[in-house]
Amino acid sequence: NAGVTQTPKFQVLKTGQSMTLQCAQDMNHNSMYWYRQDPGMGLRLIYYSASEGTTDKGEVPNGYNVSRLNKREFSLRLESAAPSQTSVYFCASNGWTSGNYEQYFGPGTRLTVT
Amino acid sequence: EDQVTQSPEALRLQEGESSSLNCSYTVSGLRGLFWYRQDPGKGPEFLFTLYSAGEEKEKERLKATLTKKESFLHITAPKPEDSATYLCAVTAFQGAQKLVFGQGTRLTINP
Numbered sequence: 001n002a003g004v005t006q007t008p009k010f011q012v013l014k015t016g017q018s019m020t021l022q023c024a025q026d027m028n029h030n031s032m033y034w035y036r037q038d039p040g041m042g043l044r045l046i047y048y049s050a051s052e053g054t055t056d057k058g059e060v061p062n063g064y065n066v067s068r069l070n071k072r073e074f075s076l077r078l079e080s081a082a083p084s085q086t087s088v089y090f091c092a093s094n095g096w097t098s099g100n101y102e103q104y105f106g107p108g109t110r111l112t113v114t
Numbered sequence: 001e002d003q004v005t006q007s008p009e010a011l012r013l014q015e016g017e018s019s020s021l022n023c024s025y026t027v028s029g030l031r032g033l034f035w036y037r038q039d040p041g042k043g044p045e046f047l048f049t050l051y052s053a054g055e056e057k058e059k060e061r062l063k064a065t066l067t068k069k070e071s072f073l074h075i076t077a078p079k080p081e082d083s084a085t086y087l088c089a090v091t092a093f094q095g096a097q098k099l100v101f102g103q104g105t106r107l108t109i110n111p
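Going down the list, the protein sequences come from chains A and B.
So the first sequence is numbered by my numbering: it starts at 1 and just counts up by one.
So the second sequence is numbered by my numbering: it starts at 1 and just counts up by one.
With the rest of the complex left out, here is chain A:
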C-alpha cells in the first residue's frame, strides 16, 4: 500500500516549456487534489476532483489544467511554464477512514522555472 505517489520528484523547466505532473493513489479514494506550497503562503488548492469524471477549480487555478484519468490517477499540466509557478506541488486524496475524513498527501514535486 503506497498511499499517494507523485512523479517526478524534481523538475527544472525553462519559461514557456510544458510538463505534466503525475499523481496516483491506491486507497480507493473518490476525491483527489492538487496544491502548491510557497514560502510564507502556506498550501493553496489549485484544482480538485470530487469523483472520477469531475474536476473543479480551487483558489489558484490560472496557468494549470488537470485530468482525472481514472479513479486512481489525477494529473496536473502546465502548458506554458512561468517563473511564478516555481513551487512545491503536492497531490492529495481524501477518504472516510474509521469515522473521519482524512486527506493524505504525496511526497511532492519540486519545480523550478527559470
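Wrong hints could be hidden among the right ones.
[Stated by the list, open to error] Label-pair restraints from in silico Cβ distances:
(1) B:Ser18 to A:Thr112: 16 to 26 angstroms
(2) A:Ser98 to B:Gly54: 17 to 27 angstroms
(3) B:Lys42 to A:Glu59: 18 to 28 angstroms
(4) B:Lys68 to A:Ser98: 23 to 33 angstroms
(5) A:Ser80 to B:Leu13: 23 to 33 angstroms
[What the hints assert, rightly or not] Pulled from the structure, derived: some chain B residues nowhere near chain A, Cβ distances all over 12 angstroms:
(6) Pro8
(7) Leu13
(8) Glu15
(9) Gly16
(10) Val27
(11) Arg61
(12) Thr65
(13) Thr67
(14) Gln103
(15) Thr108
[Said to hold, decoys possible] Dumping the calculated DSS-like pairs for lysine-lysine here, alpha-carbon to alpha-carbon at most 27 angstroms:
(16) A:Lys57 to A:Lys9
(17) A:Lys57 to B:Lys59
(18) B:Lys42 to A:Lys71
(19) B:Lys57 to B:Lys79
(20) B:Lys42 to B:Lys59
(21) A:Lys57 to A:Lys71
(22) A:Lys14 to A:Lys71
(23) B:Lys69 to B:Lys57
(24) A:Lys9 to B:Lys42
(25) B:Lys59 to B:Lys79
(26) B:Lys79 to B:Lys42
(27) A:Lys14 to B:Lys42
If you are wondering where the hints come from, they were derived from the structure by calculation, not from laboratory data.
Ideal Cβ positions, reconstructed from N, Cα and C, are used throughout, including at glycine.
Fit chain B to the given chain A structure using the hints.
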C-alpha cells in the same frame, strides 16, 4: 472568505517542556478542522480531524482541542523527534474536502 491563522510562527522548546500551538479560524459553517505534521522536504502527514466544539483527540504526546473560534495542539513532554512544522486547515465542505490551510508553526525541540 475562509481564513486560518496559526501562532506562533516559530517555537523553540527544551525537551520535556510542554506547550500549545494555536489555530484561529474564520469559516462559514465548519465541517472539519485538520492538523498535519510536515517534516522538511516531505508532504504533510495527517494527525487529527475535529468536527465540533468541545471535541478532543489524542495521539502519543499530542492532543488537539476545538472551540468555536480556534483549535489548540497541546504537546506534552516533547522529544526532539517532535520537531516539525505543524499545519492547521479547515473546510466548510462535506465530502469533497477543499481545505484552507494556515501558514504553519515551526516547532523545534532542543535536547
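Inset, instruction - Starting from the range 23 to 33 angstroms, see whether the pair lysine 68 of chain B and serine 98 of chain A falls in it by beta-carbon distance. - result: 25 angstroms, holds
Legend entry - 27 angstroms limit on alpha-carbon distance, applied to hinted pair lysine 9 of chain A and lysine 42 of chain B: 11 angstroms, holds
Inset, instruction - Look at the Cβ atoms of serine 98 of chain A and glycine 54 of chain B and judge whether their distance stays inside 17 to 27 angstroms. - result: This hint holds: roughly 20 angstroms between Cβ atoms.
Inset, instruction - Compute the least Cβ-Cβ separation between threonine 108 of chain B and chain A, then decide whether it is above 12 angstroms. - result: The assertion about threonine 108 of chain B holds, with a minimum of 17 angstroms to chain A.
Legend entry - Interface exclusion of arginine 61 of chain B relative to chain A, criterion Cβ beyond 12 angstroms: Holds, because the least Cβ-Cβ distance between arginine 61 of chain B and chain A comes to about 20 angstroms, which exceeds 12 angstroms.
Legend entry - Satisfaction of hint between lysine 59 of chain B and lysine 57 of chain A, Cα-Cα up to 27 angstroms: 34 angstroms, violated
Inset, instruction - Verify the proposed pairing of lysine 14 of chain A with lysine 42 of chain B, using a straight-line Cα cut of 27 angstroms. - result: 25 angstroms, holds
Inset, instruction - Confirm or reject the statement that threonine 67 of chain B sits farther than 12 angstroms, beta carbon to beta carbon, from all of chain A. - result: With a cut-off of 12 angstroms, threonine 67 of chain B remains clear of chain A, as the shortest Cβ separation is near 19 angstroms.
Inset, instruction - Note whether the CB distance of serine 18 of chain B and threonine 112 of chain A lies within 16 to 26 angstroms or breaks it. - result: 40 angstroms, violated
Legend entry - Restraint check for lysine 14 of chain A with lysine 71 of chain A, where alpha carbons must lie at most 27 angstroms apart: Roughly 32 angstroms separates the two Cα atoms, so the pair is violated.
Legend entry - glutamate 15 of chain B and chain A, when compared Cβ to Cβ, separated by more than 12 angstroms: 28 angstroms, holds
Legend entry - Proposed proximity, lysine 42 of chain B with lysine 79 of chain B (alpha carbon, max 27 angstroms): 20 angstroms, holds
Violated hints for the displayed structure, listed by number in ascending order: 1, 5, 14, 17 and 22.
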